[in-house]
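Undergrad: Here is how the chains run, residue by residue.
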Amino acid sequence: MAMSDMHSPFVERCKLEADNRRQFLSWGMGGLGAFFLNAAMAAPAPKPGASALQIKRDPSTPLTPLPPPFAPKARRVIYLHMGGSPSQLDLFDYKPELIKYNGRDCPDALLKGKRFAFITGIPKLMGTLFPFHQTGKSGAWMSDRLPHLEKHIDDLCIIKSMRTDQFNHAPAQLLMQTGDARVGHASLGSWVSYGLGTQNQNLPGFIVMISSTSTVANAGKPLWGSGFLPSVYQGVQCRAAGEPVLYLDNPKGVSRAQRRQVLDAVDEINRDTYRQFGNPETVARIAQYEMAYRMQMEASDAMDISREPKQVLARYGAEPGKTSFANNCLVARRLAERGVRFIQLYHWGWDSHGTPVDQGVNVGLADNCRATDQATAALLADLKSSGLLEDTLVVWGGEFGRTPMQENRGGQEMKYIGRDHHPQAFSIWLAGGGIKGGMSHGATDDLGYEVVRDPVEVRDLHASMLYLLGFDYRSFSYPYQGLDQKLTGVKPARIVSDILA
Amino acid sequence: MSRAKGYLPAWLYLACVVLVTGLGIAGAMALRPAFANSVKEFFGLQAAPVAAPSSFYLTRVAPLFEAHCASCHGERRQKAALRLDSVAFALRGGRHGAVIQPGDVKNSELMHRITLPPSDDRAMPPEGKTPLSPDDVTVIRLWIAGGASPAMLATAIKGAPRLVREVAIPTLDAEAARRQRQVLAPDVERLSRRYPGLLTYESRNSAGLELNAALSGHAFGDEDLKAFTPLFSRLVRLDLSNTAVTDASARLLAAMPSLRSVRLTNSKAGDDVIAALASLKSLKSLTVTGSKISQQALSQLRSHGVVIYGDGDAR
Chain A
0 MAMSDMHSPF VERCKLEADN RRQFLSWGMG GLGAFFLNAA MAAPAPKPGA
50 SALQIKRDPS TPLTPLPPPF APKARRVIYL HMGGSPSQLD LFDYKPELIK
100 YNGRDCPDAL LKGKRFAFIT GIPKLMGTLF PFHQTGKSGA WMSDRLPHLE
150 KHIDDLCIIK SMRTDQFNHA PAQLLMQTGD ARVGHASLGS WVSYGLGTQN
200 QNLPGFIVMI SSTSTVANAG KPLWGSGFLP SVYQGVQCRA AGEPVLYLDN
250 PKGVSRAQRR QVLDAVDEIN RDTYRQFGNP ETVARIAQYE MAYRMQMEAS
300 DAMDISREPK QVLARYGAEP GKTSFANNCL VARRLAERGV RFIQLYHWGW
350 DSHGTPVDQG VNVGLADNCR ATDQATAALL ADLKSSGLLE DTLVVWGGEF
400 GRTPMQENRG GQEMKYIGRD HHPQAFSIWL AGGGIKGGMS HGATDDLGYE
450 VVRDPVEVRD LHASMLYLLG FDYRSFSYPY QGLDQKLTGV KPARIVSDIL
500 A
Chain B
0 MSRAKGYLPA WLYLACVVLV TGLGIAGAMA LRPAFANSVK EFFGLQAAPV
50 AAPSSFYLTR VAPLFEAHCA SCHGERRQKA ALRLDSVAFA LRGGRHGAVI
100 QPGDVKNSEL MHRITLPPSD DRAMPPEGKT PLSPDDVTVI RLWIAGGASP
150 AMLATAIKGA PRLVREVAIP TLDAEAARRQ RQVLAPDVER LSRRYPGLLT
200 YESRNSAGLE LNAALSGHAF GDEDLKAFTP LFSRLVRLDL SNTAVTDASA
250 RLLAAMPSLR SVRLTNSKAG DDVIAALASL KSLKSLTVTG SKISQQALSQ
300 LRSHGVVIYG DGDAR
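Taken in sequence, the protein lines are chains A and B.
Using numbering that gives the first Met the number 0, read the first sequence as starting at 0 and increasing by one per residue.
Using numbering that gives the first Met the number 0, read the second sequence as starting at 0 and increasing by one per residue.
Isolated chain A, as found in the complex (with noise of 0.2 Å):
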């Protein structure tokens, strides 16, 4: 009789009725995992040694502080990338034998087989359009655009024989930023962010500023993405007006208290979404909206610059309420007092081509010098007197090169005077952390056409910097569709000893 009870049309229907489509989805998904789990403890276990280098992170607590596999020199980065890319041949790489052959047509040999963005026909050489000098105790060559920056010349290290392979923006951009120029990889920060956490609880690991509110970078948010690490690593954009980051404050009449309550509601609901989908994005999601509430106090501190006395904004050429890359650079500097792990920050305008006028070596390159110069060289003095310059790793640089000859864009003689992208060479600096100072590492022809002498790869650079901060970048990997993906990607990287202190 129990046995017909349990058969009953009636149950039946009532049994199938209590199914439905999400349970069956998740008994569906259940399954699939089992599957997966089934096979991946089937699968031959992973190399001695190999395990111990991989990072285990408990996806409910995903930014925890973990220490590097080995000492560090550099405990954060604070990234300035020049978008657009500024001429190493009005800056820093002195090319007096350009000069005597300005105006003169480039010869053959340099054009064959060589593609540019614009450049097309025979374009002339062209020499710096300003005046060099030497600088320092080490000596180094600088024009006069950055008289600021100039004044830490013995804390830079120049390397002259920056290459890529990419020569429009936002793949050359990617390149730099994550290793390749294709998007859907991890951005240097989100590995530096799922390698290491975040120090301070209260403040995203990885915080990305802009200097300006309508031009971003090419190649977009990608730039600070997480690839195909999990997404809690990517960088958090930030506003240096208003809110730093959009709906941190609470809206009017919701108070922290309201806002806790929410946010338990929508934590009970996600933890019994985790229960019955299993999937490791939903319990990032639970802590990335724990994160921002607890950055609701932080960030807003960390961001608020008008608590900086007046001399130290002027310092910086900073004005409180304004979107400026001198602003960015002391928010830049206090994130670093409250243990950022990687600060990126996008300055956009150096695409000197030519085109419009602001966009001419003589006259846009000039106007970004002088935003960017005073912050930078203030933000290099602060971290130096605070003495986080001796493990905090900065970065200066673009995404590629500019021609050592003018832009002649259709062949034409333009209007204002510009130069195309130039991947074959290039100049970046650092400083800080692990970095020797006062020096200049490589060096390219007499027209600053190509590398001559020791060419420093992206992935070069990469690996470097992922050694300064106590990674090997052989066994730093994440695996994804098959591969252990690494920042430097499957050609043959080196570390470039002779920048190392």
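It is worth saying that the hints were derived from the structure and are not from the lab.
The structure displayed is predicted, hence computed values, not measured ones.
We put the beta carbon where it would ideally sit given N, CA and C, even for glycine.
One-sided excerpt, in silico: chain B residues whose CB lies under 10 Å from chain A:
1. Pro160
2. Arg164
3. Glu165
4. Thr199
5. Ser202
6. Asn204
7. Glu209
8. Val235
9. Leu285
10. Gly309
Based on these hints, arrange chain B on the given structure of chain A.
TA: Below, chain B alone, put in the same frame as chain A:
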């Protein structure tokens, strides 16, 4: 008699064959010194050249051949019967003869091939392989010009581009670190629970600890620092910036022998703390920005070679 009629004796045949072969070998040896060398080596008349340790060849040239040439001219493949994976093979040459004329850069086929423009079909390494840098070409040129010697010391050849130093990445021995950590692990765990986020290991390779009390700010005082007493011997970095720690803790700091770096930005610490630090032998750097510390106290530390950041008389 009739049996031999019309035929020459067998020994004469044999003599003819030996003579012709010998002439052939001698001729080939005369025309191709590389071949001569391998024949002499085969008969033990000449020892195969062996590269000397710290020779220019072994330290500078061999790594280039290995990285740029040996995948086609090496143990596994020998295109044009040429191998460049040892100095003996390199000097022997390939199917078309010697590729290196010691002392004669102009007539060395190898030199010719590596200096052709990349567009040339005969350029080496061929397109798609890792090209030699101008510095690499210089190294090979100097070696051939100097006699392509397997023995000449690296220091004997002047004007060679600087040798790039390779960085040795430390190997991770997590097991050793775990053993070192074991003794104090319960204390580390207890204090990490009490002060979340302040205590971290210096690296996964080390039992050294870092205490970042700055993250707690004013809430962290002398009593809190005292709570970490069991771990004092292991502290390598201490950040007391913005904390309420005062000179009352000077005695505690004197008991941290492994400290390498101390940060006291905007702290309440004074000269007593600095005096305590002066007894620490491993201390390398100290930051005192915004703290009330006398020049006298700092000068003592400075004389010990400690790098000092911050106000004081550094400004």
